[in-house]
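Asks: In the order they appear, the protein sequences are chains S and E.
To convert, note that position 202 of the first sequence is 202 in this note's numbering; the numbers rise steadily by one, no gaps.
Just so we're on the same page, this note's numbering is the position in the second sequence counted from 1, plus 1000.
Incorrect hints may appear among the rest.
What the hints assert, rightly or not - Here are the computed lysine-lysine pairs in the BS3-like style, where the Cα-Cα straight-line distance is at most 25 Å:
| id | chain 1 | residue 1 | chain 2 | residue 2 |
| --- | --- | --- | --- | --- |
| 1 | E | Lys1009 | E | Lys1112 |
| 2 | S | Lys13 | S | Lys45 |
| 3 | S | Lys20 | S | Lys188 |
| 4 | E | Lys1112 | S | Lys13 |
| 5 | S | Lys188 | S | Lys13 |
| 6 | E | Lys1009 | E | Lys1145 |
| 7 | E | Lys1112 | E | Lys1145 |
| 8 | S | Lys188 | E | Lys1009 |
| 9 | S | Lys20 | E | Lys1006 |
| 10 | S | Lys188 | E | Lys1006 |
| 11 | S | Lys13 | E | Lys1145 |
| 12 | S | Lys45 | S | Lys20 |
| 13 | E | Lys1145 | E | Lys1006 |
| 14 | S | Lys13 | E | Lys1006 |
| 15 | E | Lys1145 | S | Lys20 |
| 16 | E | Lys1112 | E | Lys1006 |
What the hints contain is simulated information worked out from the structure, not anything from laboratory work.
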Amino acid sequence: MIEIDSFGETCPKPVIRAMKALQDPASEGSVRVCVDNTVAVENLKRLATSKRGTVAVDEIDGGWAVTIADVTAEAAENPAGDDAALVEASIACPVPEPIAVGQQVTVFVGSKALGQGAAELGHILIKGLVYAMSQADEPPHRIVFFNDGAALTCEGSELVDDVRELERRGCEVLTCGTCLDFHGLRDKLAVGGVTNLYAISEFVLGPDKIVTL
Amino acid sequence: METEVKLTKLAECAGCGAKVGAGELAQLFEGFPQTRDPNLLVGFDHADDAAVYRLRDDLAIVQTLDFFPPIADDPFTFGQIAAANALSDIYAMGATPITALNIMAVPEDMPKDAVREILRGGALKVAEAGASVAGGHSIYDDEPKYGLSVTGVIDPAELLRNDTARVGDVLLYTKPVGIGVLTTALKGELAGEDERALVEGVMVTLNRTAAEIARPYRVHACTDITGFAVLGHALELAQGSDAAIVLHADAFEFLPGVLDFAAMGILPAGVYRNRRFAEAEVDIDADVPLAVADVLFDPQTSGGLLFAVDAADADALERALAAATPAVPAVQRIGEVRPYEGAARVRVRRGR
Chain S
1 MIEIDSFGET CPKPVIRAMK ALQDPASEGS VRVCVDNTVA VENLKRLATS KRGTVAVDEI
61 DGGWAVTIAD VTAEAAENPA GDDAALVEAS IACPVPEPIA VGQQVTVFVG SKALGQGAAE
121 LGHILIKGLV YAMSQADEPP HRIVFFNDGA ALTCEGSELV DDVRELERRG CEVLTCGTCL
181 DFHGLRDKLA VGGVTNLYAI SEFVLGPDKI VTL
Chain E
1001 METEVKLTKL AECAGCGAKV GAGELAQLFE GFPQTRDPNL LVGFDHADDA AVYRLRDDLA
1061 IVQTLDFFPP IADDPFTFGQ IAAANALSDI YAMGATPITA LNIMAVPEDM PKDAVREILR
1121 GGALKVAEAG ASVAGGHSIY DDEPKYGLSV TGVIDPAELL RNDTARVGDV LLYTKPVGIG
1181 VLTTALKGEL AGEDERALVE GVMVTLNRTA AEIARPYRVH ACTDITGFAV LGHALELAQG
1241 SDAAIVLHAD AFEFLPGVLD FAAMGILPAG VYRNRRFAEA EVDIDADVPL AVADVLFDPQ
1301 TSGGLLFAVD AADADALERA LAAATPAVPA VQRIGEVRPY EGAARVRVRR GR
């Protein structure tokens, strides 16, 4: 259980802090958020429902304590609980070809969405997959974000924390500099380093197995 | 443009979400002396979009004032949104804007460039509307605010009111829904640049094209959907017209991600204010998802026009509006006007 003091905070803040806390393993699927307005109470109730957790509201001095509990780690990570099954499916999705033992993998991410179809679903899927890779026994050797995928390592991306986790576990995180410049994101990069097409050509022609998402 | 000032961080409530609730307003004005000037065609005894005063038999002026705290981080964009929103009330009355006055509050330490950009955004939209900025007034305040008072002209015979819908009318709406939820998600950094560009593009779009296209058709009533949300404005239309309204939950076009954000509880305070005000008169079928209902109570800063059009003209108007995309961002046939038979004024049911 993580305790959050959200007194004095309005609209999205209490919900966002609760969401982030639920993603922290230390929460063990439950948070207690103290708020001083009914809007926050109602918004937190909706968050609990979408994460398929339980919710209890207690009156406290000057406001309410909203306790959300029994949220699974998967549900905590997903932007919307209803799509939990789909994200689970993407996590379970096997890499197409068996990889030779000991061979290292470089993953290229060229889009904000995984696969063709609804962009919103595609984004949910890529988020799920990057999270799964960050938790994998053997994370990729290197991950390169390019084209529209460059935005995923920048401020405002929901994937930043999971990519940081990849980096922490030894994965080399790189984003295409030309792509950052094109989208005006050069000073918004939030995780990893910047690379260029010379380096990328070495990766492509080098010994790593290349997987393009 | 790039700027160091992140305007929405300076605002507690964004855009039309900052509007005082409709119920509270009615209480505030209760018992005030009412003017009896017969030339005041629409005044404050009506919950309409603007005041209308008749100067001659064939000429009336339409006056409106709208301002709010930043709903966009970029000052130029915020200026454009505030102006498009203020001009919208003129279009909702069927009138043509002629002049506008700026109203502005800025923190003393706000960079002059940012202040200039807000005003430039406003001026750009007023010019696009074919009107002139004729002056204004500014004060210092901790929280920035900007808007305009706009004057328009109309022949009183052409006036589009919000209390004259007729039973059998079809309801057409012109912008995608969920502006308040999506801007709240952006404020929480949950949505990305694509969504930002999309929602800001919708908010800066003038309702001019939609209003002009509608002119030759038999539109019986019109309002713009702003702070009181789809359901609040639909309720005013139903009450004023002494009719009932049925809305089709599946006929709405929502901005991307909005239903997911709503389900997660990323809802601006205005949703609950609007729900409290309208709830008693609104009947939402049990099979309509809560997220959809919440978004129908979501304040729409610089929302679109809601037309109550004669059923015989509905198909033709719908086609004409759809042909004007993106100047008319999203045409939706959201419901119809029915006879009032007691109970709830507005009903939301599944289906189209």
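Asks: All hints are to be evaluated individually against the structure, with a verdict given for each.
Replies: Results for each hint:
The straight-line distance between the Cα atoms of Lys1009/E and Lys1112/E is roughly 18 Å, inside the 25 Å bound, and the hint therefore holds. With a C-alpha separation of about 14 Å, the suggested pair Lys13/S and Lys45/S falls inside the 25 Å cut-off, and the hint holds. A threshold of 25 Å between alpha carbons decides the hint, and for Lys20/S with Lys188/S the separation of about 21 Å falls inside it, so the pair holds. Proximity of Lys1112/E to Lys13/S is assessed by CA-CA distance (about 30 Å); at most 25 Å being required, the pair is judged violated.
Our distance criterion of 25 Å between C-alpha atoms is met by Lys188/S and Lys13/S, whose separation comes to about 22 Å. Using a Cα cut-off of 25 Å, the hinted pair Lys1009/E and Lys1145/E holds, with the two alpha carbons roughly 13 Å apart. Taken as a hint, the Lys1112/E and Lys1145/E pair is honoured in the structure, with Cα atoms around 15 Å apart against an allowance of 25 Å. For the suggested pair Lys188/S and Lys1009/E, the alpha carbons sit about 18 Å apart, so the restraint of at most 25 Å is met.
The straight-line distance between the Cα atoms of Lys20/S and Lys1006/E is roughly 23 Å, inside the 25 Å bound, and the hint therefore holds. Using a Cα cut-off of 25 Å, the hinted pair Lys188/S and Lys1006/E holds, with the two alpha carbons roughly 14 Å apart. For the hint linking Lys13/S to Lys1145/E, the alpha-carbon distance of about 22 Å falls within 25 Å, and the restraint holds. This hinted pair checks out: Lys45/S and Lys20/S have alpha carbons roughly 16 Å apart, not beyond 25 Å.
For the hint pairing Lys1145/E with Lys1006/E, the CA-to-CA distance comes to about 14 Å; that is within 25 Å, so the pair holds. Between Lys13/S and Lys1006/E, the direct Cα distance comes to roughly 16 Å. Compliance with the 25 Å bound is thereby established for this hinted pair. Simply put, Lys1145/E and Lys20/S have alpha-carbon atoms about 31 Å apart, too far for the 25 Å limit, and the pair is violated. A hinted pair counts as satisfied when its Cα atoms are at most 25 Å apart, and Lys1112/E with Lys1006/E qualifies at roughly 14 Å.
Hint compliance for this structure: hints 4, 15 are broken, all remaining hints hold.
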